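Asks: With the hints as your guide, set chains B and C onto chain A.
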Amino acid sequence: MTEATLLVTLPFLAALAAAAHPRAAARWGGAATLANAVLAALLVQDVLADGAGATGIGGWTAPLGIALAADGLAALMVAMTALVGAGVALHAADWSLRAAADARRTRLRTGFWPLWLTTMGAMNALFLSGDLFNLYVAFEILGLTAVGLTALSGGRTALRAAFDYLGAGLAGSLLLLLGVALAYAAAGRVDLAVAGTLAGTVEGRIALALVLAGLAVKAALFPLHFWMPAAHASATPAASALLSALVVKAALYVALRLSLEAGAGAGTLRAALAAAGAAAMFWGAWHALRAERLKMLVAHSTVAQVGLMALALGLSEDGVPWQAAALLMLSHALAKAAMFLAVGRIAEELGHDRISGLNREDLRPGAAEFAFAIAAISLIGLPPSAGFVGKWLMMEGLIDGGAWPWVAVVLAGTALSAAYLARVVSRCLRGGPHVAPGARRPPWRTGDVAALGLAAAALALGLGSALPLALLERTLT
Amino acid sequence: MITLPLWLVPAAPLALLVLSAVPPLRPALAALLPLAALPALLAALADPVPMPVRLDWLLLGSGFTLTDRARAFLGFTALLWALAGWQAVRLLARDPARGRFLACFLLAMTGNLGLLVAEDVAAFYTFFAMMSLAAWGLVLHGQGPAQRFAGRVYIALAVVGEVALFAGLALGVHATGATEIAGMAAPAVPAQATALMAAGLLVKLGAVPLHVWLPLAHAAAPAPASAVLSGATLKAGLFGLMTVLPLGQASWPEAAATLAAMALAGLVLAPALGLAQGDPKAVLAYSSIGQMSLMALGLAAGLAAPGAWPLLGAALVLLAAHHAFAKAALFLGVPAVWATARPGLRAAVIATLALPALALAGLPGTSGWVAKDALKTALGGVDGWQAWIGAALFVASLGTALLMLRALALLARAEAKTSVPADSAAPAAVAVGLVAAGLSLLPVAPHAAKAAAPADLLPLAVAAALAAGALAIARLGRVRLAPLPPGEFLAILRSEEPPPRPLALPAPPRRSRALAPRRGRERSARPEHGALAILGIAAMLALAMATLAPDPPPVPAPVVRTEG
Amino acid sequence: MTEFLPLAILMTSLGIAPAILAMPDRWTRVRTAVNLAAASVKVALVAWLSLSVAQGAEYAVTLAVAPGLALELRADALSVLFLALSAVLWLLTTIYAVGYLEGGTDRSRFFGFFSLCVAATVGIAMAGNLFTFLVFFEFLTLATWPLVVHRGTAEAHRAGRVYLAYTLGGGLALTLGTVWLHALAGDVPFVPTGVLGDLPQSHPLTLSAIFVLLIAGVGVKAAQVPLHGWLPLSMVAPAPVSALLHAVAVVKAGAFGIMRIVYDVYGVETVAALGLATPLVAVAAVTILWGSFRALAQDDLKTRLAYSTVSQVSYITLGVALVSPVAAVGGLAHLIHQGIMKITLFLAAGNFAEGRGVKTVSGMDGMGRLMPGAMAAFTVGALGMIGVPPLAGFVSKWYLGAGGLDAGQPAVVALLAGSSLLNAAYFLPILHRAWFRDPPEGAAPRRRIGWMLALPPAVTAALVLAAGLLANAPFSPLGWTRFIVSLEYL
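Those sequence lines, one after another, are chains A, B and C.
Take the first sequence: its letter number 93 is residue 93 in full-length UniProt numbering, and every next letter is one higher.
Take the second sequence: its letter number 151 is residue 151 in full-length UniProt numbering, and every next letter is one higher.
Take the third sequence: its letter number 284 is residue 284 in full-length UniProt numbering, and every next letter is one higher.
Calculated from the structure, these hints are not laboratory results.
Careful: at least some of the hints might be erroneous.
[What the hints assert, rightly or not] Partial list, derived from the structure: chain B residues whose beta carbon lies under 7 Å from chain C:
#1 56
#2 59
#3 60
#4 61
#5 125
#6 126
#7 143
#8 159
#9 163
#10 167
#11 170
#12 174
Please read these numbers as outputs of a predicted model, since none were measured by experiment.
Glycine is no exception: its CB is placed at the ideal position from the N, C-alpha and C atoms.
So here's chain A without its partners, still in its complex pose (with noise of 0.2 Å):
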């Protein structure tokens, strides 16, 4: 289980060699992310070949140490954060190096690796630790970075975006500390399997709910998700893609996590989680509808999409097994950024991103637009991408278990993100009298590659949805 310890500590050490040295910060970047995909890939390898395991640091052994727990689960999020990371770092690489001269992306291409290889760290050791006090400070790490990484475009809807940000985030964290204290006053345990006992007593629901409340901010849930749209709109694009595909996982992550462990005793909550998910749903999906901005568009569409994986937490005691929202994390996590990433090549190309001057231009950037589509696909969870199998997964527990209003509303969720995702799509299909016969369209660019095959793999992954799920299977409840 070195692996795990490795994936905890590189990333912070090599964003500190990228702080120090900003004109290798590239390079830095590019290798650890680099090589955080290698021991992700080995991690996978070893949970499917040996099973769970963990580790301590330090020797330092529970309740007080901190546990490094490596089991199915929190292998295929630190997958999920490596390859989104690995698309989009390509992306970053890509955009900072090309146009060394602006000074936009001299500050992106010195201020984005450290923040990225942060939020990668912080992001491991999330989801490879045991416990909550752990989960509480790898969380603090990652919203100071992802403050960073909102404010690195430097404009000035961005700083206010980022301050809300960082109001709503610490609200959030103030939240979850009180959740972690009372949740400790009254089990005198900190670790996750906590709550299962936490159930049982007053304090203890109370904690879960404080704990909820607090990673519902984080991960903009409806109706705490108010700060959300704006920071993820107003971010670059490979920001963007970080905070909405793999951030917002991050809250949901541990959420899947207690509601694995929470057992019967918390039905108030996850009522409560699912009425907030279907709310969301329609809530995201009607600004979706109404966006004008492509940025905004898809921000909205995090929203709702956040909801469909609240609500699928939220029905687990319906029916609903718990690997459909992992599998729906997951496909989110690679679609969005696909999709961010494309959105930020498109608005790069027309030099703005309204949604009703996307058919009026003369430039074609096909290959982003392309990528949006397929992205698409996945968000809507058509088949074969991994959204439909998590999708179909959810719908047959809700079947079996007989809770006909949710799939009425997991469907009209799927028809309402189809209508909103096929506005800006139509818009792609240009042809006719809009357009000049003789349309440029824009070179390939290795970041094109980067939108693509994130999206690519989001539609492939629905087919080999065996491989995820068997890892699934090796998780510790």
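Replies: Structure of chains B and C alone, referenced to chain A:
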């Protein structure tokens, strides 16, 4: 003698048609047109009768066979098509749309000849439809308003007839399990099936009130086409009826009464309406209605008295053959009249045409007299009909005689058309010759000749007297008869096309909205409405059914999933 | 070998699509060569497959997606029927499309999605279970959308939105039904005479609800009234797309889905026992009449043809829903027959629009003289649609009529008769105008129609004639459907 494969009968005109798709061959093929019917004629005259052919790969498994009755029909049909083809080639030599006409002509010929030799239902129906639809092209050929109107009426009735025939055949085949067309007369065929088949075929036969297409189409089509329409395709209807009706098997009084009523109506109406026509071809067409009604009367008698059918059948074949030749000679003679401008010559032509006209009217000694006499004798064997059958036959003969006089009178006054080549008269002359030669040429059952009674001349005499009287009244009283518009009661439906508007605006767009919501123009499109509507319907349905379902608690869950 | 052939057939269209999509527009020759080569190879492979399947060989490829879920490609007799149709017509339509889009924009995108569309059709044809069918069915929706909006006009986009809304909505219903059935019965492979076993006795109402969902899902694509609204609108697409949509891909996929669900999931006896056959017959009957009725009033040629499709495709449903092997032969044969007839009509209509700029029925005057070849093909197709013997449509109608009687529903004969009358009423005026009226003065000057546009309709018209005239010959569509039906009705 080499035995002739029967499939060659329809294949010959079809081959000609296919080859005419190659432009350089067209002039040569046009010259060959009359010969397309040659295999059919040879088959009809061959001795021994050609063997049946079975072609399993064709359609639903088809065959060709030649029955005795079909032999007789095939003989005169083939001759008529050959003569008409000959005239068509001459008459339309300079018509720009000649290729189109000849294609339709060949197709109709294929259908008409083919249906006579078809053994199975599918082939019969195929050839029948081919004939009907191709004849539409013959009717429409002139492209004028009259042709359009006639074409519309014709195709409407023809399609309805086809469909009725299809339904009847389908019912019949299902009831009997037989696929031979001859099997459609079996007792196992339900009455509705027979009625539907008969309805389809009666349209073709031109029985009142399904006859409305007939005068229009015959008047509108070019003369050679009218000749085959009247001489051959009407007989195809008769042939079909003789095949599918359960004649000579059991008495079916209701059907007989219906058919007889239609026939009698035709006998009375045809001269009444025909006399008021101003176009000689229309008059000839009404006379066809009268004659076909006579044949329908024979069929009705066959239905009423199965015992009389053998005689009746033979008489009907005789009558059909006679009418085919005589009417074709008259129609083919119309261009001959047009081609002659000099009064003397024209008088000679009219005099020549008087022979088939008189034959139709039943002048003793002619084929018409022989045929009518045969029918009369046969009808005499039907119990209960003797009381009025004589009167009916008298009316028929009188009507025909009057119509013939009217037709000849109109022809004599017809304006000469310089565009008609003189040699288009030759086929008419041959046809008249055939009428003169009587029925001896053909493989039809001979009828014992009988001495002509003076009474047989009575209808002709009365007709002549009436005509003379009418003429006198018209002259003295200065009465002029305004010809009826063609189309009888359908004439009210006939509308001239409005002139094209100089600046036609496009029609307002009509959108399909099954489930797509109607939306105002200012609102942006929200396609999810449609999806939601579908989903909503499906979901409500599913939910309603799910909640209604009193499914017992599922027996040991049949889920085969293996996951945890 | 058992795995190679289905995969190869799929990859001949799926594999080349990315390459074509990535090509620059100006590589016309390379693109055409790749397209035609792939289409020809596919025809050859399908021919090979048909011969092998006729001799009893079995082909299957399976890919496990998740526990209890597997993608399975399998070639049985019914697959081969649909495969043969799509392979042959794809080749012809590709030739036509190359000619049609000469000089147009976005050709790489067009042909890329064109290939994807056929790949989806092939996948639907070879789907071995309901899950696989669903996957390719949705794939088809997405692959066709860019083709529908190819022209990029506002009208095209509106049509595209409606198309997407309908088909995705239908897809959701299908998904729900599939998931439900999967939850109830586990994996749902396609097996002749059905796979449900004892379930119909224990869960009759649930299974009925699932049936309604499934049929509603595929019924959207099959344009069953009242789910047909997208079809006439999507006529804004270029002619080859309309042809493909109507003859092979979308509409046929829906009809094929109805077949699979009725025959191979439920089994026709079960459908009848659940009391679902008669409602399905009623839906088909209403669709047949309504489609024909609406077609009467359309002046736009392609819209008229579209409504005609609505009507004609329901013959297939009718044949499937009538519980009679004879009707089944008619319905299945009509899958092929309608395909070749309708593609003839659309390709010819495309030629009128290209050669003379004629897009309306009222503009068809004198077309027989202006473009005799295309008009002759159109005539053959139209007469076939009416059901005039000896063309293909007659054979289907004959078997459907006989099947209706066989199933004890003589009203079907009346329905067919009424529909034939309506068909004649909206097709014959076109023929009249084209052949028996003079072309308008000052008609638009003729544009050259190359062999790529002229050949495909001629070939399909010849096929229409051959399918009817040689219906009883071995390897005719009719002969093959009899073979299938002998498997479905044991």
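Asks: If a hint holds in the structure, say so; if it does not, say that too.
Replies: Okay, the hints, checked on the actual structure:
Evaluation of the residue 56 of chain B hint against chain C yields a held restraint, the C-beta minimum of about 6 Å falling below 7 Å. A hinted interface residue such as residue 59 of chain B counts as satisfied when its beta carbon comes closer than 7 Å to some beta carbon of chain C; here the least separation is about 6 Å, so the hint holds. Given the 7 Å rule on beta carbons, the hint for residue 60 of chain B holds: about 5 Å separates it from the nearest Cβ of chain C. Checking residue 61 of chain B against chain C: minimum C-beta separation of about 5 Å stays under 7 Å; hint holds.
Interface restraint check for residue 125 of chain B: the shortest CB-CB distance to chain C comes to about 6 Å, inside 7 Å, so the restraint holds. Because the beta carbon of residue 126 of chain B sits about 4 Å from the nearest beta carbon in chain C, less than 7 Å, this interface hint is met. Taken as an interface hint, residue 143 of chain B checks out: its beta carbon lies about 6 Å from the nearest beta carbon of chain C, inside 7 Å. For residue 159 of chain B, the shortest C-beta to C-beta distance to chain C is roughly 5 Å, which falls under 7 Å, so the interface hint holds.
Interface restraint check for residue 163 of chain B: the shortest CB-CB distance to chain C comes to about 4 Å, inside 7 Å, so the restraint holds. A distance limit of 7 Å between C-beta atoms decides the matter here; for residue 167 of chain B the minimum to chain C is near 5 Å, and the interface restraint holds. Taking 7 Å as the C-beta cut-off, the interface hint given for residue 170 of chain B holds, the closest approach to chain C being about 4 Å. With a least beta-carbon distance of about 4 Å to chain C, the hint placing residue 174 of chain B at the interface is held under the 7 Å criterion.
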